[in-house]
Amino acid sequence: MNSGEILPQPAGIEPVLVPLDSLQERLTMLLRQGSRLGLLTARRIPPGDDLALVTLVLHPANAGMHVWETPLHSAKSAFPSLTPHVPQAHWFERAVSDFFGILPEGHPRFKSVILHEAWPEGFYPLRDAHPVVPENAPARRSSKFLTVQGEGVYEIAVGPIHAGIIEPGHFRFSCLGEVIQNLEIRLGYQHRGIEQQLTEVPWQHARFLAEAISSDSSAANAWAHAMAVEQLLAITPPAAAQNLRALSLEIERTASHIGDLGGICSDIGFTAGAALFGCLRGRALGLGEQLTGARLQTAYILPGGVAHAISLQARDQMAASVRSIAKEFERIVPILMENPGALERMEGVGKVRPSLARDFGMVGPAGRASGVDYDVRNAFLQEPYAWLPWEAAVEEEGDVLARVRIRVQETRASLQLADAFLKRVSNEETVRVPVPDKLPPRSIGAGIIEAWRGELIHLVFTDENGSISRYAVKDPSFNNWTGLAIAARGQLVADFPLCNKSFSLSYSGNDL
Amino acid sequence: MLQTLIQLLSAGNATQRAMFPALPAYSRGLPGLTDTACAANQGCSACVQACPAEAIQVSPGPAGGQVSIDLGRCIACNGCPAVCPAGTIVEDRSTRVAVRRREELILTNKAVTQRPAQLPHTSPFRRSIHLREVSTGDSASDLEIAASNNPVFDASRFGIHFVASPRFADALIVTGPVARAMHEPLRRCYEAMADPRLVIAAGASAISGGLHRGSYAEAKGVNAILPTAIYVPGHPPHPWYVLHGILLAMEHPLAIEAAPARLR
Ligand code: SF4
Ligand code: SF4
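In order, the protein sequences belong to chains P and C. According to our numbering, numbering within the first sequence proceeds without interruption in unit steps and concludes at 525. According to our numbering, numbering within the second sequence proceeds without interruption in unit steps and concludes at 434.
The hints are simulated quantities; they were obtained by calculation from the structure and are not laboratory data. Honestly, I wouldn't trust all of these hints.
[To be verified] Okay, the calculated bits of chain C under chain P, using three or more residues with CB under 8 Å as the criterion:
1) 237-250
2) 320-330
3) 340-351
4) 393-400
A virtual CB, placed ideally from N, CA and C, is assigned to each residue, including glycine.
Given only the sequences and the hints, what does the whole structure look like? Please build it.
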């Protein structure tokens with residue numbers, strides 16, 4: 014964070030060849046020095062469609078990143094698991110096995126993470142260019158839950174369809190009395206095959222599919238997509254567009270955080286708070302609608318810039334609205350945060366210790382509530398954040414209260430940022446640069462954004478024809494679901510909904 | 171406590187009285203068709219090229235081109251009205267957009283025909299309806315359904331209630347494209363309901379699979395799995411669209427009488 018420079022924009026990233034026998038050593042060394050495992054996946058490499066592991070290593074200290082490629086021995090569909098040395102790799106490796114059929118040998122808790130019983134054994138969608146689920150499918154994939162044994166231990170199975178208006182997933186609680194001994198989370202119910210589809214649609218239309226990865230985070234996904242494509246094309250969007258993108262992203266964050274504060278109120282049975290935050294969230298969505306034309310801000314951020322500018326009149330109306338939302342927010346917050354009953358429900362519940370949060374690579378508000386001082390907006394100093402004096406909130410407690418506090422502080426900061434971005438909007442600005450028709454061949458582009466749930470990554474590879482051959486997405490929730498499982502341990506079953514809400518993770522972004 | 175009361179009293183009444191207002195001018199809405207002749211005869215196909223959802227078909231016709239737009243696929247990206255040189259496709263900001271038959275979502279610019287005769291009033295849920303929401307991969311639509319029940323849109327004033335189990339639900343309202351791993355849970359959820367029951371598909375993904383059509387995950391929308399009674403277009407559907415769909419399921423006068431004034 015020494016200079017105010019924007020991420021370098023050469024035509025794509027040069028991959029570094031890292032042989033399998035030195036992968037673990039190099040990775041652990043860098044992680045010890047403060048680098049992050051951005052994502053770990055695989056891809057087919059020409060000729061002959063052999064497989065290679067792909068590792069994205071992030072260096073938050075100097076806003077740098079590396080893409081490592083590790084060719085795998087073609088005759089062998091296995092590799093030594095990194096997880097025993099790099100706990101963050103545990104879900105990544107399970108996903109690699111789900112989608113490519115390569116086994117992480119020695120993985121301490123190996124099983125499927127996305128493709129379970131609904132999918133046939135032996136179907137590895139990203140291994141083929143055009144996967145088809147085999148007809149009269151053979152045996153279903155097996156997927157077992159960890160069982161806790163002992164006198165009086167019983168299981169509660171919840172989902173995939175839950176009681177509220179929320180996404181599907183299955184929770185298996187092993188309990189002793191009212192206390193959760195272990196929670197197993199099974200996701201993947203919404204797997205739509207998006208990574209594969211992103212390699213099939215015309216790339217100019219890929220942005221719409223990218224927004225659908227987790228459609229409550231359209232702005233973040235659209236920006237990450239645009240950033241990756243712009244890196245491939247070596248184009249730079251106009252500063253005015255970056256400013257409007259950031260405005261859109263902060264509106265998304267504000268609306269989501271306020272909505273979840275309302276959700277927290279519901280989950281502690283505080284209906285009045287839920288109604289007040291609910292109405293305020295609507296006003297934040299209204300800002301997004303005025304900026305982009307849609308409450309959930311779809312179809313706005315695109316490679317090369319944004320779809321349209323805003324008028325000075327709209328700017329002034331929005332600025333007034335931002336200030337009034339901020340004022341209203343300060344009026345409502347105390348009824349939750351200074352309410353002894355509410356505080357009692359939140360304090361000390363669902364703790365994740367900082368050391369565990371770091372080990373598992375937790376991100377976003379959930380990570381920062383457990384002392385992980387990492388925010389993409391700071392670490393990678395994206396325009397226009399770099400222009401503003403600005404700091405991410407961090408807490409150490411790691412309980413529900415800390416996560417809620419972070420959301421409150423971030424809402425404040427987002428509203429201030431939105432105000433600052435609006436001030437920078439001026440008349441007659443170019444908000445879009447022309448974009449070439451074709452992507453360059455054999456290139457890599459990366460997009461990294463602080464979505465409202467945390468670090469979001471899109472990593473795009475093109476083949477020799479300039480078609481997208483691999484599109485890997487790492488949703489922030491992918492890092493954080495393990496955190497929820499840890500937080501649930503030793504807690505009352507009745508506190509789980511509150512704990513879950515305080516994480517507010519994405520199922521669809523995780524399932525893709 | 172006192173603080174809470176003061177807050178609540180000073181907040182006033184948030185509920186919007188006027189039902190189904192048009193969306194504000196800066197909002198996108200869905201595409202609509204006008205009488206203005208389409209230029210497909212002169213080789214135009216700009217809308218088809220622009221559409222990321224494969225929702226539009228055009229063909230040259232005797233008096234200008236013939237256009238059809240499938241709102242069951244449309245993700246409301248505003249691509250087609252933005253590129254249409256003739257003004258055949260325009261933005262439509264009306265909010266009574268839900269329909270009872272899948273075909274009604276396919277707009278065409280052929281000569282205006284009679285609207286289909288109104289369906290008889292047979293809904294067993296005319297005074298109240300209890301809904302179970304099932305999400306299958308479109309969280310934005312979930313948010314908009316939840317918003318339809320917030321103090322502003324206030325679905326509960328019409329006897330609309332969201333319940334926690336299919337066991338005591340009259341209707342399922344489904345979002346997302348229903349990919350492979352949700353086929354069985356959705357079916358089982360429906361089987362758990364008592365008759366009479368009905369299904370509402372909310373959003374382009376739920377109606378047709380939306381952008382997810384054609385993936386290996388077999389995401390083809392709700393009616394590939396369950397008989398669907400009501401279709402609510404949009405991506406995600408605006409809370410007014412959602413409310414219209416639910417009131418249509420109830421055959422509420424507000425939803426039935428002023429059906430959308432669309433060309434068809
Ligand atoms: S608005 Fe709908 S029909 Fe028109 S281009 Fe976009 S998705 Fe296609
Ligand atoms: S509807 Fe408009 S854009 Fe489409 S073919 Fe006709 S004139 Fe061209």
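Each hint, compared with the structure:
no., hint, result
1, 237-250, "holds (count 5)"
2, 320-330, "holds (count 3)"
3, 340-351, "holds (count 5)"
4, 393-400, "violated (count 0)"
Checked against the numbered hints given earlier, this structure breaks only hint 4.
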